[in-house]
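Protein chains: 2
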Amino acid sequence: MSETDLRDTLPAKRRAELVRLVRARGQVTVTELSSLFDISVDTVRRDLDHLAERGLLARTHGGAVASGDLVTQDTPFAERLVRQKTAKARIARAVAGLISDGETLLINGGSTTRAVAAELGARRNLTIVTNNLAVPQVLPAEACRDIYVMGGQYRNEAQVTVGEVRFAFAAGINVDTALIGVGGISAERGLSTTSIAEAVMIADMIKTAKRTMVLVDSSKFGHDSFADIGPLSHAHMVVTDELPPPELAAALAESKVDLVVAP
Amino acid sequence: MSETDLRDTLPAKRRAELVRLVRARGQVTVTELSSLFDISVDTVRRDLDHLAERGLLARTHGGAVASGDLVTQDTPFAERLVRQKTAKARIARAVAGLISDGETLLINGGSTTRAVAAELGARRNLTIVTNNLAVPQVLPAEACRDIYVMGGQYRNEAQVTVGEVRFAFAAGINVDTALIGVGGISAERGLSTTSIAEAVMIADMIKTAKRTMVLVDSSKFGHDSFADIGPLSHAHMVVTDELPPPELAAALAESKVDLVVAP
DNA sequence: CGGCTTCGTGCCGCTTTTTGCATCTTTCAG
DNA sequence: CTGAAAGATGCAAAAAGCGGCACGAAGCCG
Numbered sequence: 590m591s592e593t594d595l596r597d598t599l600p601a602k603r604r605a606e607l608v609r610l611v612r613a614r615g616q617v618t619v620t621e622l623s624s625l626f627d628i629s630v631d632t633v634r635r636d637l638d639h640l641a642e643r644g645l646l647a648r649t650h651g652g653a654v655a656s657g658d659l660v661t662q663d664t665p666f667a668e669r670l671v672r673q674k675t676a677k678a679r680i681a682r683a684v685a686g687l688i689s690d691g692e693t694l695l696i697n698g699g700s701t702t703r704a705v706a707a708e709l710g711a712r713r714n715l716t717i718v719t720n721n722l723a724v725p726q727v728l729p730a731e732a733c734r735d736i737y738v739m740g741g742q743y744r745n746e747a748q749v750t751v752g753e754v755r756f757a758f759a760a761g762i763n764v765d766t767a768l769i770g771v772g773g774i775s776a777e778r779g780l781s782t783t784s785i786a787e788a789v790m791i792a793d794m795i796k797t798a799k800r801t802m803v804l805v806d807s808s809k810f811g812h813d814s815f816a817d818i819g820p821l822s823h824a825h826m827v828v829t830d831e832l833p834p835p836e837l838a839a840a841l842a843e844s845k846v847d848l849v850v851a852p
Numbered sequence: 590m591s592e593t594d595l596r597d598t599l600p601a602k603r604r605a606e607l608v609r610l611v612r613a614r615g616q617v618t619v620t621e622l623s624s625l626f627d628i629s630v631d632t633v634r635r636d637l638d639h640l641a642e643r644g645l646l647a648r649t650h651g652g653a654v655a656s657g658d659l660v661t662q663d664t665p666f667a668e669r670l671v672r673q674k675t676a677k678a679r680i681a682r683a684v685a686g687l688i689s690d691g692e693t694l695l696i697n698g699g700s701t702t703r704a705v706a707a708e709l710g711a712r713r714n715l716t717i718v719t720n721n722l723a724v725p726q727v728l729p730a731e732a733c734r735d736i737y738v739m740g741g742q743y744r745n746e747a748q749v750t751v752g753e754v755r756f757a758f759a760a761g762i763n764v765d766t767a768l769i770g771v772g773g774i775s776a777e778r779g780l781s782t783t784s785i786a787e788a789v790m791i792a793d794m795i796k797t798a799k800r801t802m803v804l805v806d807s808s809k810f811g812h813d814s815f816a817d818i819g820p821l822s823h824a825h826m827v828v829t830d831e832l833p834p835p836e837l838a839a840a841l842a843e844s845k846v847d848l849v850v851a852p
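Protein sequences appear in the order of chains A and B. When you read off a place in the first sequence, starting at 1, and then add 589, the result is the number in my numbering. When you read off a place in the second sequence, starting at 1, and then add 589, the result is the number in my numbering.
By construction, these hints were calculated from the structure, which means they are not laboratory data. There's no promise every hint is true.
Treat identical chains as interchangeable: a pair holds within one or across any two.
What the hints assert, rightly or not - In silico SDA-like cross-links for lysine to any residue, where the CA-CA straight-line distance does not exceed 20 Å:
#1 Lys602 <-> Val789
#2 Lys799 <-> Arg679
#3 Lys602 <-> Gly779
#4 Lys796 <-> Gly761
#5 Lys602 <-> Ala647
#6 Lys796 <-> Asn714
#7 Lys602 <-> Arg614
#8 Lys796 <-> Ala711
#9 Lys602 <-> Glu746
#10 Lys799 <-> Asp847
#11 Lys602 <-> Arg634
#12 Lys602 <-> His650
#13 Lys796 <-> Lys845
#14 Lys796 <-> Ser623
Since we're looking at a predicted model, the values are computed, not measured.
Given only the sequences and the hints, what does the whole structure look like? Please build it.
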């Protein structure tokens, strides 16, 4: 959903969007929202107070944060959210533009894929399968026909479930596009993430989907996480916020991976 | 459809168009519709109220939005959360006191069970299995060893997943206590909830657990929801905030169900 | 056919909600 | 300790909503 749409919205809808925005970005400031929605800071403050009262977000000095993020404010997850937030937002918008109405999407964990989910408001009739518990909450309801959550053990830092993947796939699902956020990408090791269970899961996801989009912000270029997922060629498309270093760019080209740099 | 066609339409057709318009745009304002259909704002308001009553859209100040679109307090779920807040909090504290360290808990959907999860901070080494996506977020991390989320289709109003239950149970899990929030409890029909899928799921949960605690606030006494779960005797314990009416109390006693009234 | 009811509609006065502004207080960082 | 930013509070105007009322069209029935 483009941000110009946020002006001239009804009060109730505006608050709903606001909650979605907070959950997608992790944090927002009052002045930021004021200019985004084109309303006075007082109204923003009242909105935030109103929503905080109902536990939909947590109020802080200067703005608000997602309610879940406050208790774990110093976790790496929340930190990452803040640090790379504009890069992620740009990637998210670019990816949302590459999705068509009616597609079936497989979405894995990570703050980038979560931001994408929040940007899918312009789409319709999507079917979503995800192991990312934040996704159902930030997904605009009017965008999707059905949402399926993959069961499994819950990992608090990443707000995802792991495991049981093979079951979900054994049930026989057909997926158009996998949206995969990864922990690292390099010419030597390919794609990688933080845990072995997640790596196995992601590899399965890629195998299941007809098309795989890998989403990485530039901070992950040339960086390898703990567990390897597979070679670069597993991805059909890589969406990022800056041009990768020459070595990685060359490796992507050689693997025939389309590179999309979000404007 | 061109917008000039919208004038001089019969009331019924006009309302149908109106719903279509709301779904397409996500939001509409009263004045906008007034000029579009060439009718007074009063009629528009009446139309919107009429349609909102049927759940075809959600009424807001100044217009209406697509029904699923309000993440905020207007959903029945959040409404219940607010309305019965103190009662739920009392029940939650009472239940938390009845749980021991190291137990394995099965927690279903509902605002009451969610409140319980938030109160479990004093416990340690719990293992939690749930289909309630809000539970992992409100559960104090230090209280639990592991959290498992049951997969399935996501229901936005209740923030739960449904389905796939049998799989989770087929995997062979052993559960000490099931914490079950229900939609209704009465002497005649026993326990009931809003959807058939959930009723089946809850019945399976009860079957799996050694001990079943049913959590109900007093607003549900004598009230039957749509789908029956089973007789009162399925519960080992009922925790509530007020003494039930004599008829229900007698039925509980006859079924040998322990009754706990939260102070 | 004529009287009757019902429904949809528009209008009027009054209440409620929302919003922006001004003023005073609190919080936070250097 | 101090100044700037953020927040709280009170207030007034505009917009929206609510309830009652009247009028006309359509349908019902003797």
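Right, here's what the structure says about each hint:
| no. | hint | result |
| --- | --- | --- |
| 1 | Lys602 <-> Val789 | neither (39 Å within a copy, 35 Å between copies) |
| 2 | Lys799 <-> Arg679 | neither (24 Å within a copy, 50 Å between copies) |
| 3 | Lys602 <-> Gly779 | neither (42 Å within a copy, 39 Å between copies) |
| 4 | Lys796 <-> Gly761 | within (13 Å within a copy, 28 Å between copies) |
| 5 | Lys602 <-> Ala647 | both (19 Å within a copy, 10 Å between copies) |
| 6 | Lys796 <-> Asn714 | neither (23 Å within a copy, 36 Å between copies) |
| 7 | Lys602 <-> Arg614 | both (18 Å within a copy, 12 Å between copies) |
| 8 | Lys796 <-> Ala711 | neither (28 Å within a copy, 43 Å between copies) |
| 9 | Lys602 <-> Glu746 | between (28 Å within a copy, 16 Å between copies) |
| 10 | Lys799 <-> Asp847 | within (15 Å within a copy, 54 Å between copies) |
| 11 | Lys602 <-> Arg634 | both (16 Å within a copy, 17 Å between copies) |
| 12 | Lys602 <-> His650 | between (24 Å within a copy, 10 Å between copies) |
| 13 | Lys796 <-> Lys845 | within (17 Å within a copy, 53 Å between copies) |
| 14 | Lys796 <-> Ser623 | neither (44 Å within a copy, 52 Å between copies) |
The structure fails to meet hints 1, 2, 3, 6, 8, 14 from the earlier list, while all remaining hints are met.
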